[in-house]
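2 protein chains.
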Amino acid sequence: MKRGVGLGRHVIAELYDCDPRVLDDVRVVETALIEAAKATNSTIINYYVHRFKPYGVSGYVLVAESHISIHTWPEYGYAAVDVFTCGEHTDPWRGLEVLRRFLKARHISIVAMVRGVGAKEAYSGYEEAAKEVT
Amino acid sequence: MKRGVGLGRHVIAELYDCDPRVLDDVRVVETALIEAAKATNSTIINYYVHRFKPYGVSGYVLVAESHISIHTWPEYGYAAVDVFTCGEHTDPWRGLEVLRRFLKARHISIVAMVRGVGAKEAYSGYEEAAKEVT
Numbered sequence: 038m039k040r041g042v043g044l045g046r047h048v049i050a051e052l053y054d055c056d057p058r059v060l061d062d063v064r065v066v067e068t069a070l071i072e073a074a075k076a077t078n079s080t081i082i083n084y085y086v087h088r089f090k091p092y093g094v095s096g097y098v099l100v101a102e103s104h105i106s107i108h109t110w111p112e113y114g115y116a117a118v119d120v121f122t123c124g125e126h127t128d129p130w131r132g133l134e135v136l137r138r139f140l141k142a143r144h145i146s147i148v149a150m151v152r153g154v155g156a157k158e159a160y161s162g163y164e165e166a167a168k169e170v171t
Numbered sequence: 038m039k040r041g042v043g044l045g046r047h048v049i050a051e052l053y054d055c056d057p058r059v060l061d062d063v064r065v066v067e068t069a070l071i072e073a074a075k076a077t078n079s080t081i082i083n084y085y086v087h088r089f090k091p092y093g094v095s096g097y098v099l100v101a102e103s104h105i106s107i108h109t110w111p112e113y114g115y116a117a118v119d120v121f122t123c124g125e126h127t128d129p130w131r132g133l134e135v136l137r138r139f140l141k142a143r144h145i146s147i148v149a150m151v152r153g154v155g156a157k158e159a160y161s162g163y164e165e166a167a168k169e170v171t
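Residue numbers (this note's numbering), protein chains in the order written: chain R, 38 to 171; chain W, 38 to 171.
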């Protein structure tokens, strides 16, 4: 991503018509999250997955470059996911593709956002000030 | 939220011109996340915050109703946040307001999405099938 354009890319996706057994399998969802994080070329800091009763899984991977999240509704074959990565070395779309493949989504709807547009340009001084005190 | 409209509300916000000291204070960010989750009337499952070197904090709260996340750039006075909650008992906007207040954001840009539109209508059968096997 070019300097001055933004700080990160945030891909938010609706995954419809997924395999409900996968959506309800906490281990597969965990693997999908980790593999998705790796595919974006991000560095994993922490992750957590939780299975709900009677069904459904939520999970989160915090990466040095932002995060990936998932919330599944096996009863509707649906998962809400988002892949947010910063830095030119990352690619959130590769993470989304991994999630789509693991969940076997047949229909997908995507909103892609550039985050932090103008933040660099609007603000200055802290970086220099911080250097002085650290 | 009415049945048939969607499964959850996802509020994605750019917080500009925040207090950089707050953005760089891992304990304040942690408190902001927890208070934001409470304000949405969600149930906290897990949370994690991480401070980067030389500066910046990332954190998330996984709630039974989805999640809240934050990534801060103290050097730009900027924070990327999102508040995603499901269920009629929750209000993501109250969570955003708590984050805005803690971070002292002077400018804010928001995208609000309804997630899982049509998921209930498009899919049926799993709920009944799951009842039979559990």
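It should be emphasised that the hints constitute simulated quantities derived from the structure, not laboratory data.
Careful: at least some of the hints might be erroneous.
Intra- or inter-copy, both count: the list cannot distinguish identical chains.
[Said to hold, decoys possible] Taking lysine to any residue and the SDA-like style, the derived pairs with C-alpha atoms no more than 20 Å apart in a straight line are: (1) 157 - 59; (2) 75 - 63; (3) 157 - 125; (4) 157 - 134; (5) 75 - 101; (6) 157 - 53; (7) 157 - 144; (8) 75 - 64; (9) 157 - 68; (10) 157 - 71; (11) 90 - 143; (12) 157 - 67; (13) 141 - 126; (14) 157 - 143; (15) 75 - 157; (16) 75 - 43; (17) 157 - 83; (18) 157 - 93.
None of the values given here were measured: they were computed from a predicted structure.
Going through the hints against the structure:
1. In the homo-oligomer, the alpha carbons of residue 157 and residue 59 lie at most 20 Å apart only across protomers (18 Å), although the nearest pairing inside one protomer, at 41 Å, exceeds that limit.
2. Taking the shortest Cα distances, residue 75 and residue 63 sit within 20 Å of each other inside one copy (18 Å), while across copies they are farther apart (26 Å).
3. When the C-alpha separation of residue 157 and residue 125 is checked against a cutoff of 20 Å, the pair qualifies only within one copy, where the shortest distance is 15 Å, while the shortest distance between copies is 38 Å.
4. Taking CA atoms no more than 20 Å apart as the test, residue 157 paired with residue 134 passes in neither setting, with 30 Å inside one copy and 24 Å between copies.
5. Only within a single protomer do residue 75 and residue 101 lie at most 20 Å apart by alpha-carbon distance; the minimum there is 12 Å, versus 26 Å between protomers.
6. For a Cα distance limit of 20 Å, the shortest separation of residue 157 from residue 53 across copies, 10 Å, qualifies, whereas the shortest one inside one copy, 37 Å, does not.
7. For the identical chains of this complex, residue 157 and residue 144 are inter-copy neighbours only, at 14 Å across copies versus 36 Å inside a copy, given an alpha-carbon limit of 20 Å.
8. With identical chains, the CA atoms of residue 75 and residue 64 are at most 20 Å apart within one copy only, with a shortest distance of 17 Å there and 29 Å across copies.
9. In the homo-oligomer, the alpha carbons of residue 157 and residue 68 never lie at most 20 Å apart, since the shortest distance is 35 Å inside one protomer and 26 Å across protomers.
10. Taking the shortest alpha-carbon separations for residue 157 and residue 71, neither the intra-copy value of 30 Å nor the inter-copy value of 28 Å comes in at or below 20 Å.
11. Neither within a single protomer nor between protomers do residue 90 and residue 143 lie at most 20 Å apart by alpha-carbon distance, with minima of 25 Å and 41 Å respectively.
12. For the identical chains of this complex, residue 157 and residue 67 are neighbours neither inside a copy (34 Å) nor across copies (24 Å), given an alpha-carbon limit of 20 Å.
13. In this assembly of identical chains, the alpha carbons of residue 141 and residue 126 never lie at most 20 Å apart, being 27 Å within a copy and 31 Å across copies at closest.
14. Taking the shortest alpha-carbon separations for residue 157 and residue 143, only the inter-copy value of 16 Å comes in at or below 20 Å, while the best intra-copy value is 39 Å.
15. For the homomeric pair residue 75 and residue 157, neither the shortest alpha-carbon distance inside one copy (27 Å) nor that between copies (32 Å) is at most 20 Å.
16. For the homomeric pair residue 75 and residue 43, neither the shortest alpha-carbon distance inside one copy (22 Å) nor that between copies (31 Å) is at most 20 Å.
17. Neither within a single protomer nor between protomers do residue 157 and residue 83 lie at most 20 Å apart by alpha-carbon distance, with minima of 27 Å and 32 Å respectively.
18. With identical chains, the CA atoms of residue 157 and residue 93 are at most 20 Å apart between copies only, with a shortest distance of 14 Å across copies and 39 Å within one.
Checked against the numbered hints given earlier, the structure breaks hints 4, 9, 10, 11, 12, 13, 15, 16, 17 and satisfies all the rest.
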